[in-house]
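Q: Chains as they are written, first to last, in our numbering: chain L, 1 to 243; chain V, 1 to 243.
No lab work stands behind these hints: they were computed from the structure. All figures in this text were calculated on a predicted structure; none of them were measured in a lab. Check the hints yourself; a few may be wrong.
Just so you know, same-sequence chains aren't split out, so a pair can sit in one copy or run between any two.
List time: in silico DSS-like cross-link candidates among lysine-lysine, alpha-carbon distance up to 27 Å [claimed, not checked]: (1) K21 to K224; (2) K105 to K201; (3) K229 to K21; (4) K111 to K224; (5) K224 to K211; (6) K111 to K211; (7) K237 to K111; (8) K91 to K107; (9) K237 to K214.
2 protein chains.
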Amino acid sequence: SCGQGSAGVVNGLIFRQLFDKESSTFTYILGDELSREAVIIDPVDTLVERDLSFIGELGLELKFGLNTHAHADHVTGTSLIRNRLPPGSFKSVISASSGAKADVKVKQGSKIHFGNRFLQVRLTPGHTAGCACFVLDDDSRVFTGDTLLVRGCGRTDFQEGDSSTLYKSVHEQLFTLPDQCSVFPAHDYRGRTSSSIREEKRFNPRLGGGKTEKDFVAIMKELKLSTPKLIDVAVPKNMACGV
Amino acid sequence: SCGQGSAGVVNGLIFRQLFDKESSTFTYILGDELSREAVIIDPVDTLVERDLSFIGELGLELKFGLNTHAHADHVTGTSLIRNRLPPGSFKSVISASSGAKADVKVKQGSKIHFGNRFLQVRLTPGHTAGCACFVLDDDSRVFTGDTLLVRGCGRTDFQEGDSSTLYKSVHEQLFTLPDQCSVFPAHDYRGRTSSSIREEKRFNPRLGGGKTEKDFVAIMKELKLSTPKLIDVAVPKNMACGV
Ligand SMILES: [Fe+2]
Ligand SMILES: [Fe+2]
């Protein structure tokens, strides 16, 4: 029968979006309805209790904790979760290109399986050199980290950021996904919870609507951004997200 | 073909959840994919520009602005939206039992149509005397306002609130919905974006897990809550939400 999107279950996928008001970070839980195996994407250290209580109540067994990148604005919850669960049952995940420590280091095309479902890795350097996006098996959803935000994108002025590289990543790895693919970012600062590839291709003021790489580089150069408050604490900790 | 939940479109329904960090309020946009007619639930006055820009980019035509009740913590956006759209094209909606002014005053069982879809009203007094929940035509989603929150509920100590009445409303009007029905509340203060009837029946610490009406009345009596900062401004304004 057709998935109805009810109770966060669409076609056998259990799906929950969670939010950290402090850092405006989104955390995602994806579970396979049948096997109850699940993954969590970008958990925040201060909210691990909330997330694990939800996972328990949903009757899910957490297999992997995925980090889209080494964040500069909050500390990942994957090491705390790892310490809370039976040894060996839960693995932290980050891209090999991030240079960070984790149980599983993924590359372009790597698959992270939970039950009969999987997420596939697309490497999208630009915001950081090690950024990765995770595409759901049926191309219905992509978790874009700070690479592509709702009508925006992550900054490119530190952590080995590079505007030309980000532009190429978005156009080659994300804008090639189906138009109707839902975009779930790592952050939003204006209360928007999701977007779609179609919308971002048309309406992203930096990367869509025919903006060229040159336009994008110029736009990013003009941004005057302050340094994230937590960067000196968060980045070193996040480089050791699984230990 | 089966809805995939992609781009917020499930079985022809366009769906977006939006958040106001200031008051922790959720706003919802629902659209009929074919006709492009849409409704907005509990818009916040300060975020009307964001919401209308989203609606424009999604190619939707806004027909109704629904208020679950006269809020005490923020000012509804329905009158601002009404002033921004062509005269007569958009109507504000609230329950007749709220005593508030609006273009459309709904009762138990009233339907609000957008294209081929509709929301149906269930009256749920208790948090306020005029609270209403809106159930999607296929029972896949319910918008619960402050009547039922994720693992919680609205307060019952002012605005004609009454604990016994709230308990009955939840058990008779909401817990009778299908288990898999998704619950979308008006607020969450811990970054949780949705729940399900099944979960709230089992895990709501006040109303679920076998808690009796007597238990609930005692729990609510014990809460020591401060008065919402905006109540003296918001309630009078919200009592005139459509004018
Ligand atoms: Fe980042
Ligand atoms: Fe309220």
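Q: Compare the structure with the hints numbered earlier in the document and write down the numbers of the violated ones, lowest to highest.
A: Violated hints (numbers, rising): 2, 4, 6, 9; every other hint is consistent with the structure.
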